[in-house]
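J.: Start from chain A and add chain B according to the hints.
Protein chains: 2
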Amino acid sequence: MMRRLDTRSATFADDFAALLAIQRELSEDVTAAVAEIIAAVKATGDAALADYTKRFDRLDLSTMPVRVSAEEIAAARGAVSDEALDALAFAARRIAAFHERQMPRDERFTDASGATLGWRWTPLSSVGLYVPGGRAAYPSSLLMNAVPAKVAGVGRLVMVVPAPDGVLPPIVLAAAELAGVDEIYRVGGAQAVAALAFGTETIRPVDKIVGPGNAYVAAAKRQVFGSVGIDMVAGPSEVVVVADRTADPDVTAADLLAQAEHDEAAQSVLITDDAGFADAVAAAVEAQLETLPRREVAAASWRDNGAIILVGALQEAVALVDRIAPEHLELAVADPETLAGKITHAGAIFLGTMTPEAIGDYVAGPNHVLPTSRSARFSSGLSTLDFMKRTTLLGIDRGALDALAGPAMALAAAEGLDAHRLSIAKRIGR
Amino acid sequence: MMRRLDTRSATFADDFAALLAIQRELSEDVTAAVAEIIAAVKATGDAALADYTKRFDRLDLSTMPVRVSAEEIAAARGAVSDEALDALAFAARRIAAFHERQMPRDERFTDASGATLGWRWTPLSSVGLYVPGGRAAYPSSLLMNAVPAKVAGVGRLVMVVPAPDGVLPPIVLAAAELAGVDEIYRVGGAQAVAALAFGTETIRPVDKIVGPGNAYVAAAKRQVFGSVGIDMVAGPSEVVVVADRTADPDVTAADLLAQAEHDEAAQSVLITDDAGFADAVAAAVEAQLETLPRREVAAASWRDNGAIILVGALQEAVALVDRIAPEHLELAVADPETLAGKITHAGAIFLGTMTPEAIGDYVAGPNHVLPTSRSARFSSGLSTLDFMKRTTLLGIDRGALDALAGPAMALAAAEGLDAHRLSIAKRIGR
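Note that the protein sequences, when read in sequence, are chains A and B. Using our numbering, read the first sequence as starting at -8 and increasing by one per residue. Using our numbering, read the second sequence as starting at -8 and increasing by one per residue.
Okay, chain A solo, but in the shape it has when bound (with noise of 0.2 Å):
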């Protein structure tokens, strides 16, 4: 049963903190299993990993390339609807220019040392982007990952998708197609990671690894970084809505249900100043998955770890927000922007009563790739400058050498580093 709490209970600390504590994430220990893997991926490439992708995903890579080609691609363009084609271009243009704004700038400025200090930014040469097989291939996720690294200028973009059976949604071809992808290969799993980290005969090794996985995918991920960069490793999905009566209580539960019909471990939590309103809420969750597809897992989310939270005041919502520091934040008040200016932590602010999160999962052009399981106090959601990095840049000349020499001595002296004090002191002949 969905968790009711109230501020003014006598025991919403201990109900605040069980919520918050709430175990959402299977913690299966694949570590030793991926280990394998990528050893044996490591050691012998391909022939590792035909034998993976023969015993786990029941496809024979002699009868069929391990790289998609452009025929498949073509074809599998031609299988959508144009409507869907239509939706996912929109998507990307609106993707695209909304990542360009995040594109960095590059500094260069001398001070009055006459030191000239700065730095570049520059795209990663190569990126791997993992897309999840069978009916967790989303095409949004698939765009939102791929779009932004064009954007930064990755000159080349690898995908990898497990095809189950051989089988490859052509959906998700496309959508890789509009967004830019380079080259696409049939493998999925660890295998599919260790790949591209560390290459085979037939791909070549990336820079950066991005993309959602499986809890195989994502220990891969975490055993190959170092050796490559990896994006950040995604929880299950949350949605705070702080409503007050404004509100459509119909409306606000199909916000809620979007959350919840992604995952059994998926949240949704309701935060609403007004007890009529949150139990039609609640009345109206219970009505509308009579009839949602998805009804067995939005049911389970929402019974496991749903919640509806009354507060005496919508201020009191602020500190329980940042507690949370949810991956999407609804605001449909009458004041969102009151509101969110005083929100510290959250991956991303929906404003108002008009902007259902479900239009930012798709087209409105920010990305969906957010920080999940309180992980917005510290980290941000995935953006242009994940696909590059940043040289600094130090150049100075005998007279800057001069003004900063001596504090830099005396530094390297403090620290008992001669050699670093030396290559001053031989330059200006100390």
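It is worth saying that the hints were derived from the structure and are not from the lab. Keep in mind the model is a prediction, meaning the values are calculated, not measured. Check the hints yourself; a few may be wrong.
Take a look, some chain A residues computed to stay more than 12 Å from chain B by CB distance [to be verified]:
| hint | residue |
| --- | --- |
| 1 | -5 |
| 2 | 156 |
| 3 | 207 |
Quick list of simulated restraints, FRET-style, between CB atoms [claimed, not checked]:
| hint | chain 1 | residue 1 | chain 2 | residue 2 | range |
| --- | --- | --- | --- | --- | --- |
| 4 | A | 287 | B | 19 | 43 to 49 Å |
| 5 | A | 34 | B | 42 | 40 to 46 Å |
| 6 | B | 35 | A | 419 | 52 to 58 Å |
| 7 | A | 407 | B | 9 | 31 to 37 Å |
| 8 | B | 66 | A | 329 | 44 to 50 Å |
| 9 | A | 420 | B | 73 | 24 to 30 Å |
| 10 | B | 56 | A | 329 | 41 to 47 Å |
| 11 | A | 404 | B | 23 | 39 to 45 Å |
| 12 | B | 310 | A | 155 | 38 to 44 Å |
| 13 | B | 310 | A | 158 | 38 to 44 Å |
| 14 | B | 125 | A | 332 | 44 to 50 Å |
| 15 | A | 407 | B | 213 | 26 to 32 Å |
Just so you know, even glycine gets a beta-carbon here, dropped at the ideal spot from N, CA and C.
T.: Positioned in the frame of chain A, the structure of chain B alone reads:
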């Protein structure tokens, strides 16, 4: 014996691959020991912290409060020479000035659909800074981590530093005061990392942990990652010096030794187009090693990991540098800007013969915490951004919703997420 390579040699490809493959890091497996320490601190807080501190640092925390007092800090300041204090203040000012330029801008715009989009940067609320103990307690590293955090606006900057036998270097406390550290605790090791991540009775938890440490500290950071953010786990330091005959061999030798003296695992590589210059540098290294205080460390590093690569033309250095992706790159050549413009992968570039890395290590302003072990391919040095996070913002009204609803609902339908579709449809009466 330090390696000599020549791009015109028949074995160069193999020689260079062997250079890249040197294992410089000891992979001490402390995973299980660290997991036990973290579990103990989580379970019993201050009691476990005191136990481990007694065992590892020979310090009885019942005789001395875990928090370092204002009086101790003032006394430490009094024990440091004016020259060193002035040098620290000089460095802190320059680091702050450089990192202020990295403050990101918020964005807010309304697009053609009528949607309001943007993002907001906010500082992390609290950050923990690990400072190694004993001789590795470098005040310059403390400034490089703490000053950017304060520039970013971190409200609560908490430092932990082990005090073996109860002793803390005065210059470390003085540097912490200068940098604006808010709380200092005399604990270290995995137990201090656990205390920062999960809190104890006396140490409130933080949102992110940064700073260098030994194998236990690195393993502890990896294990608490997710509950809190962490910075990159740094490997041994390295420099590539590209020099032509305009450089001074004796000065170049000092630059190579400045890196080598850090650590036996450090790496110094010279790339030059002049065989006579290469010989002169090799001889100068040997000569300087005779009198260098840290000659045992520097000689071991140079012998095991050092290299001189002779190239036919300076342009060949570009591809080699990009394969190495060095943490530090000195371009001690007549035209450093042209060469720098061709380099893709480097943490920091030092331009020209008058720019020793040591100036950047201490006082120039750019951060000296930089990506090691080829990770400059996919990551950047520490910056103001590492102490901030971004919240994206989206607000739409009925008009914008009408413009965006169709493609969003089409994608929701394609992904089989009906509650997503409904959350939009219910708002527009479809």
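J.: If any of the earlier hints don't hold here, list their numbers in rising order.
T.: The structure breaks none of the hints.
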